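Q: Sequence:
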Amino acid sequence: PNECGLDFESFEIEQPAASCDELILNGDAGETIAGGSIEHWRHEAGGVQVAEDGADGSMYSLLSINTDPGGKYYALSQYLDTRCMIEGSKYSFRALVKLTNQDDTLFQCNVGAWSSDPASCPAAILVSMHGLTDWDAEWPRAGAMTESDKEWNVMEGTFTVSAFDSEAGTVALRISGAPAGVNFQIDQVSITPVEETEAPTTPPTPAPIPSNLPPLHQLSADYTQESVSFEGDAVIFSSSTGQDATILTSIAFPDNVEIMVEYLGRDIFGSRYQAGLALFFAAENEALEAVTTDDNGFASFESISVASIRDRMYPIINHVWFHMKNQGVDGSIVHSSGESDYQMMTGGKFKLSRSNGYVSAYHYYNGGWAQIDHSQELPDLYKTAPVKVGMRIKREWKSEYFLKVLPTVITDTA
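Per my numbering, the very first residue in the sequence shown carries number 435; after that it's consecutive.
Wrong hints could be hidden among the right ones.
[Said to hold, decoys possible] EDC-like cross-link-like pairs, simulated, lysine to aspartate or glutamate; straight-line CA separation at most 20 Å:
no.	residue 1	residue 2
1	506	581
2	506	478
3	832	720
4	817	723
5	783	701
6	838	696
7	817	692
8	832	660
9	524	590
10	838	665
11	506	537
12	584	538
13	506	720
14	524	689
15	584	537
16	838	660
17	524	601
18	817	689
19	817	718
20	783	692
21	783	720
22	506	728
23	838	701
24	506	456
25	524	665
26	584	486
27	838	667
28	817	773
29	584	729
30	524	456
[As the list claims (entries may be wrong)] Pair by pair, the computed Cβ-Cβ distance ranges are:
no.	residue 1	residue 2	range
31	808	444	44 to 50 Å
32	456	776	51 to 57 Å
33	590	659	18 to 24 Å
34	702	802	25 to 31 Å
35	808	523	56 to 62 Å
36	660	750	29 to 35 Å
37	566	765	27 to 33 Å
No wet-lab data here; the hints were simulated from the structure.
The model shown is predicted, which means the values in this text are computed figures rather than measured ones.
Note that CB positions come from ideal geometry on N, CA and C, so glycine has one too.
Use the sequences and the hints to build the structure in full.
A: So, in structure tokens, the structure goes:
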């Protein structure tokens, strides 16, 4: 498996028992060992060493010296036990981080800033890889700093193991992103399972929901404030610095629900594929942070969404492509697609609908709604359960985009 070679089966490998209660080994830099320890940790440039300065009065932490030349690619990482990477499992990540300049003064990063900001904060990602030579990888976000005004600051987050992660040959936690010239220390690093609470025997009756809801706007939704703005009922997604953009309703809607958008404006930047818009339904407990990823994490976003549909456009071709993903009844992620001979520009419309336990997508073409591929059945868990409604950008690795759309959300609980 994973291109290990024909002779791999000739080896006798002794495997330790799997323990998934804590995925990180030596998260405290060998606190109980004289002089500390870097065991189980590796570095990507900059080296890794024990610092005699730990969080909360402890003795040791792990240090990456970020100089000569230094950069955001300097990282500390640790391989995780892939036997714990079971699709659908949720884990909580937490660490304490200290940032210092070369003169040992504290450095304060810009919490919430994107990596293009020179003073952006370090972050934690998973690096899941398939294969050794002809390899493929995904890099979903595991955690981000929530503060930076203290000596030791919290970095935390949650992640759900995707199908890609569960089948990977290696999965590693990687902490990186400190600006050049800024050393970073980590301590109390931990990845633990998130305990799922059982649903009550008799679920609460949802409050009555009007049949025609107002559009998504700043008063009824959560959104990425740096890249989402509003003009009346219109939502504007824009960035010139590679920021990702998402808007998500703060409440969830049961039974039948539909989101439709009409493009009011779309700017073209350069050649090749343009940043596109995805409409999606998410489980009622999903937060904005979980459904906001960069392009490398888009597959992870699709794997946790109930259903999504996005458009894709190449500026010099009179054509539009659509890609829909949804949770399948067999536990897989179902992919549907469609295309047509026009560009999704001002006046273009498409929509995503859940009706009677099925999801469907449509685009407006030649004066009427045309279905994209076929309707897909959802698992029982998502047939009528309340879902949040959202929109987000897939940047296609572009740093600039501008899309202005008018969304309409409609439910029918009859």
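Q: Work down the list of hints and note, for each, if the structure agrees.
A: Against the structure, the hints come out as follows:
At most 20 Å may separate the alpha-carbon atoms for a hinted pair to count; residue 506 and residue 581 meet this at roughly 19 Å. At most 20 Å may separate the alpha-carbon atoms for a hinted pair to count; residue 506 and residue 478 meet this at roughly 11 Å. At roughly 26 Å between alpha-carbon atoms, residue 832 and residue 720 are farther apart than 20 Å, so this suggested pair is violated. Of the pairs offered as hints, the one joining residue 817 and residue 723 is violated, with about 24 Å between alpha carbons and a cut-off of 20 Å exceeded.
With a C-alpha separation of about 16 Å, the suggested pair residue 783 and residue 701 falls inside the 20 Å cut-off, and the hint holds. With a CA separation close to 9 Å, the supplied pair residue 838 and residue 696 stays within the 20 Å bound. Among the hinted pairs, residue 817 with residue 692 is consistent with the structure: their alpha-carbon atoms are about 14 Å apart, no more than 20 Å. Straight-line distance between C-alpha atoms of residue 832 and residue 660 comes to about 16 Å, which keeps the hinted pair within the 20 Å bound.
Only pairs whose Cα atoms come within 20 Å are accepted, and residue 524 paired with residue 590 is accepted, the gap being roughly 14 Å. Between residue 838 and residue 665 the CA atoms are separated by roughly 9 Å; this keeps the pair inside 20 Å, and the hint holds. Of the pairs offered as hints, the one joining residue 506 and residue 537 holds, with about 19 Å between alpha carbons and a cut-off of 20 Å not exceeded. Between residue 584 and residue 538, the direct Cα distance comes to roughly 14 Å. Compliance with the 20 Å bound is thereby established for this hinted pair.
The suggested pairing of residue 506 with residue 720 is violated, with an alpha-carbon distance near 29 Å, which exceeds 20 Å. Straight-line distance between C-alpha atoms of residue 524 and residue 689 comes to about 26 Å, which puts the hinted pair past the 20 Å bound. Taken as a hint, the residue 584 and residue 537 pair is honoured in the structure, with Cα atoms around 17 Å apart against an allowance of 20 Å. Using a Cα cut-off of 20 Å, the hinted pair residue 838 and residue 660 holds, with the two alpha carbons roughly 15 Å apart.
Restraint check for residue 524 and residue 601: satisfied, since their Cα atoms lie roughly 16 Å apart, inside the 20 Å limit. Straight-line distance between C-alpha atoms of residue 817 and residue 689 comes to about 7 Å, which keeps the hinted pair within the 20 Å bound. A threshold of 20 Å between alpha carbons decides the hint, and for residue 817 with residue 718 the separation of about 13 Å falls inside it, so the pair holds. Simply put, residue 783 and residue 692 have alpha-carbon atoms about 13 Å apart, close enough for the 20 Å limit, and the pair holds.
For the hint pairing residue 783 with residue 720, the CA-to-CA distance comes to about 26 Å; that exceeds 20 Å, so the pair is violated. A hinted pair counts as satisfied when its Cα atoms are at most 20 Å apart, and residue 506 with residue 728 qualifies at roughly 16 Å. For the hint linking residue 838 to residue 701, the alpha-carbon distance of about 9 Å falls within 20 Å, and the restraint holds. Between the alpha carbons of residue 506 and residue 456 the distance comes to roughly 27 Å, so the proposed pair goes past 20 Å and is violated.
Of the pairs offered as hints, the one joining residue 524 and residue 665 is violated, with about 37 Å between alpha carbons and a cut-off of 20 Å exceeded. Distance hint between residue 584 and residue 486 is fulfilled; the C-alpha atoms sit about 18 Å from each other, no more than 20 Å. Distance hint between residue 838 and residue 667 is fulfilled; the C-alpha atoms sit about 10 Å from each other, no more than 20 Å. Under the criterion of a C-alpha separation no larger than 20 Å, the hint pairing residue 817 with residue 773 is inconsistent with the structure, at around 27 Å.
At most 20 Å may separate the alpha-carbon atoms for a hinted pair to count; residue 584 and residue 729 exceed this at roughly 31 Å. With a C-alpha separation of about 12 Å, the suggested pairing of residue 524 with residue 456 holds against the 20 Å cut-off. The beta-carbon spacing between residue 808 and residue 444, approximately 48 Å, falls within the hinted interval of 44 to 50 Å. The hint said 51 to 57 Å for the Cβ distance between residue 456 and residue 776, and at roughly 53 Å that hint holds.
At roughly 20 Å, the beta carbons of residue 590 and residue 659 sit within the given window of 18 to 24 Å. Against the hinted window of 25 to 31 Å, the Cβ-Cβ separation of residue 702 and residue 802 comes to about 27 Å, which satisfies the hint. Here the CB-CB span from residue 808 to residue 523 is close to 31 Å, at odds with the stated 56 to 62 Å. Distance hint check: the CB atoms of residue 660 and residue 750 are about 30 Å apart, consistent with the given range 29 to 35 Å.
Separation of residue 566 from residue 765 is about 28 Å and conforms to the stated range, judged on CB atoms against 27 to 33 Å.
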